[in-house]
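Colleague: Using the sequences and the hints given, assemble the complete structure.
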Amino acid sequence: MVKLYALSVFRRAPEGGTVLLKGSYDLQSFGFFQRGSVQEFMTFTSQMLVERTQPGGRQSVKEQEYMCHVFVRADGLAAVLVSDAEYPHRVSHTLLTKAIEDCAAANDWKTANTETLRNYKALDVMLARYQNPKEADALTKIQAELDETKIIMHNTIEAVLERGEKLDDLVAKSEGLSSQSKMFYKTARKTNSCCNF
Amino acid sequence: MGDARDPDEFFDLAEKIIQNINTVFEKDGSLDEFDIVPVESQSNRSPVIHVNHKLALESWCVPFLYSHSFKCFTQLLPNRKVSAGNHKNQHRNGSTSVRNGSIGSHEGHTFVNSRLTEGDRTERKLNLSRILILLNPDLTLAWNYRREAFIQCCMQFQHELHLVSLVASRKPKSSEVFMYRKWLVKHILNEDLKGDNIEQIFTREMQAAGKAAEAYFSNYHAWDYRRWLLETFLGGSFCPDEFKLTILNSEKNCSDNWVERHISDHSGFHYRQKLLSQMSLLECNVNGVFQLFTKELENNLSLVMRFPGHEALWYHRRFLLQFLVPKLQMELTENLNNHHQPMETNWECEVWQCCEDKIQYLKKKEEDLVKSILTVNASLVDDASVNFITKDSSNLSILYSQKHAKWLFMMFEWIIDNN
Amino acid sequence: MKNSQHNNHVRSKNRNTVEEESLINQKLPKELLLRIFSFLDVVALCRCAQVSKCWNLLALDGSNWKKIDLFDFQTDIEGAVVENIARRAGGFLKKLSLRGCQSVGDSALKTFSQQCHNIEDLNLEMCKRITDITCICLSRNGRKLQKLDLESCSNITDESLKALGEGCPNLVHINISWCDIITERGISCLSRGCSKLQTFIAKSRDSFIDNECISHLANNCPLLEVVNVRGAMALTDDAILRLAQSCPNIHYLCITGCCNLTDSTLLALAQYCHKLSTLEATNCSQFTDNGFQALAKNCHYLEKMDLEDCVLITDNTLTYLASGCPRLEQLTLSHCELITDDGIRQLGMAPCAAEHLTILELDNCPLITDASLEHLVACHNLQRIELYDCQLITRAGIRRLRNHLPNIRVHAYFAPMTPPPPVGGSRQRYCRCCVIL
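Chains as they are written, first to last, in UniProt numbering: chain A, 1 to 197; chain B, 1 to 419; chain C, 1 to 437.
Some hints could be false.
SDA-like mimics (lysine to any residue), calculated; alpha carbons at most 20 Å apart, straight line [unchecked claim]:
#  : chain 1 : residue 1 : chain 2 : residue 2
1  : B       : Lys391    : A       : Asp26
2  : B       : Lys125    : B       : Lys252
3  : B       : Lys16     : C       : Gln391
4  : B       : Lys211    : A       : Asp26
5  : B       : Lys244    : B       : Cys254
6  : A       : Lys134    : B       : Asp224
7  : A       : Lys186    : B       : Ser41
8  : C       : Lys128    : B       : Thr122
9  : B       : Lys54     : A       : Asn107
10 : B       : Lys54     : A       : Gln39
11 : B       : Lys211    : A       : Gly31
12 : B       : Lys252    : A       : Met1
13 : C       : Lys144    : C       : Gly62
14 : A       : Lys134    : B       : Arg261
15 : C       : Lys110    : C       : Lys144
16 : A       : Lys134    : B       : Lys295
17 : A       : Lys98     : A       : Glu65
18 : B       : Lys391    : B       : Asp357
19 : B       : Lys16     : C       : Thr282
20 : C       : Lys30     : C       : Gly62
21 : B       : Lys363    : B       : Asn299
22 : A       : Lys186    : B       : Thr122
23 : B       : Lys16     : C       : Thr394
24 : B       : Lys252    : B       : Thr294
25 : B       : Lys391    : A       : Gly31
26 : C       : Lys53     : C       : Arg35
Listed below are several chain A residues computed to face chain B (Cβ distance under 8 Å; list not exhaustive) [what the hints assert, rightly or not]:
#  : residue
27 : Met1
28 : Gly57
29 : Gln180
30 : Met183
Source of the hints: derived by calculation from the structure; they are not laboratory data. We treat Cβ as the ideally placed atom computed from N, Cα and C, and that holds for glycine.
Modeller: Now the structure itself:
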């Protein structure tokens, strides 16, 4: 499926603290009762990626049928895009650049937070528009040539973690995940989700 | 000691949950989603969640709810030996001498069943089978009972279809779901229960198949059902011709839309191929077919370029060629055979020439495509600066186009041989 | 030689045993044998009738066919069966249940009523094909009819009731639930003719029972003891007042769903019906503490009370009931949202609590906490307590209650700790799609 699921913008402080500025989600393809947990997990994963990306760096992580692309600008403004594995990843990184530029231009991002950016709709618009990657053709022409060598690729989320860190532990400790989401994670990990009763 | 409970209380709790579920169905006729949410039992709260026309069950109650429903259901089916020790001439309503006991007793499975009137028994079996298929759509026993009941009790087919959609919302991949849909539609068409609703039925069924295909990648059962619907409605005498045209157009649109967003969905492409075959039947001559298929090849080309490394697109391409070229070939040979007859009009000349040209044209296009892909990707693969994801897809592109070249060779060899 | 002697010996031994068995028939007098057979049900009797000629006569003797229940055969019963039974049993048949026998129609019952004129108890519940013709025949032939159940016989009209009123003056028990075409005219005829009526059951979904019907009953049937008018939404307090005034013997009253009734009803009952023992008042949402105060003061025989959805009642009602109703066995307070632990404390200290209280339903009472359970530990006969959706109740509270009352059944939404074994053993299960595809 060629699809975008989430686009979010973070502020990354040099010490490593990360603040979510704005998140935009298209989760209609998930069951009604799963959407809450799915959104929490996408935010959780996005935040984790931002924390583990150097300023000025780009990463793309593949996890089952999803791809997470992250770009942290040198000054600390960062964006994460969660898409399906079929969505062309060059376009994804183009979108990240655009999201960051637009956000910086429209807002005082250094002091902002989710509250102040409540009415900032540009990310929602982007997410909807670029569901069809054809729309991004114009964009790629405008932007500077993307240096693909600089994008670090990983085949699983675990590859992004520091040595000794376990995903299960991070999930359990996280404050952004409700107990239902944690439960969801446990059961999904245990069995093939298809056979899960 | 603590919380140890005796079997009676399982019975009662399961019955209470069943009652809650039945109430939801009675209250809300437009449920559109069902799910099981992973929650542990922590508070004294009903596990049945009903929000916004969506129904959910908390996962803690599912195992014992299922086993209870299954036990009760099988005991109610005719010719079942009731487990509480019985004589040979077991009457289907249970032992005739059972009179006492309270409804809550679990040995009173028998008792509960034996005091129900026929109408109540049917209702209870329907309610139980509904829960069983929601929890486990693979349980053919429950589906078969519903088939029986549908015929005997003349149930409303809309309700049944609605229930099936609800089941599919959680398990879109289940084969039983589509088998049941198929059986229902067949039954409706045969028994002429449809009334004036042909178009409605068709649209709704297509939507259901589409929804399931969307929910699960490469959903064979959903697409096969869709194909069956298409062929039944197009081939059926109950369907007026104008509607058949509408069907084809709307399906073409849907498929166009689908293919752009699901480039790796083999089942979706397979359906598209059937659709194109049906459309080609409508064309009166080879020209029409040629136009249709070359347009398709163009679209396919742009997809191949935009999304490298997806084999489904290549298979589709091969289908298109495999379908088109022999037709052109046939036309060609027919005209060659007829060629000794004096040519009546110039038109025949044009056709003969065009077919030959067309075949050559197609051959050239394919060879060009393969060449360009190989060149572009060969350089990408050797470029150290390219990341591994791009390299991966480049390698795949090379592989697929090489396969394609081989296939082309065999295909056109065959043409030359049969010329 | 030896063989045939041996055979003779065996044969005579066999003959002896056969004779011994048949002596049973000769050893006991016919009356006793018939009495033994009278305990058998229909299936057993039919089987016995096939054993031997002697047993055939005994089994099929009319006196064994006084009470017949054909419910277990339901849809298999057709008119012919009923007619056969009627002819066989004749004047002996006193009690017949055709509950659920949907295929039985008027003609069979016509034959039946002609053959079995001693019928006293007839149950025709769910015999949907029955029409007025049946009742007219019954009235012509069934003077001795005492109990008649026509629940769900939806074709019954006022004509039936008129006929019954004329022909069955001994009618003591009538059930016309869900016979929605009936009007007060029919009830009027019935009540005038059957003044010995003790039990009147007329449940409905959209109340064909109105105030007029009740006044007819009140005027003509002073012996009424059991009245069930569930669903009669049109009823108002006046009707119940009239009824209570005229029928002081009422001990069972069901006014579930009669949402227009107010405390005046309870006051009327308190004044006139002191023998009241069961009151079912689900959905009578206008009842308040005042009404129950009066009721509890005067009706000391109350045993069963169903007050579900009487949302206005508070702990005061429980206090009144605790002091006034020492025989209280079953109390339903579902959805009575104002009830708190204090009310339950009062109940727990009541004279009825220790020995009488058997069933207590507190589901959907959100203010109930574990403290209530503490208050109930002294109720030694408490068999069942409903606590669904009482969110403040905890597992620990329930555990403590079970420690005191080990046989109690507690109904709450807590998951069982030790689930029952799964269906089909414990092998790993895969859904079909994962195995095949």
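Colleague: Run through the hints listed earlier and report the numbers of any the structure violates, in increasing order.
Modeller: Violated hints: 1, 2, 6, 9, 17, 18, 22, 25 and 28; rest satisfied.
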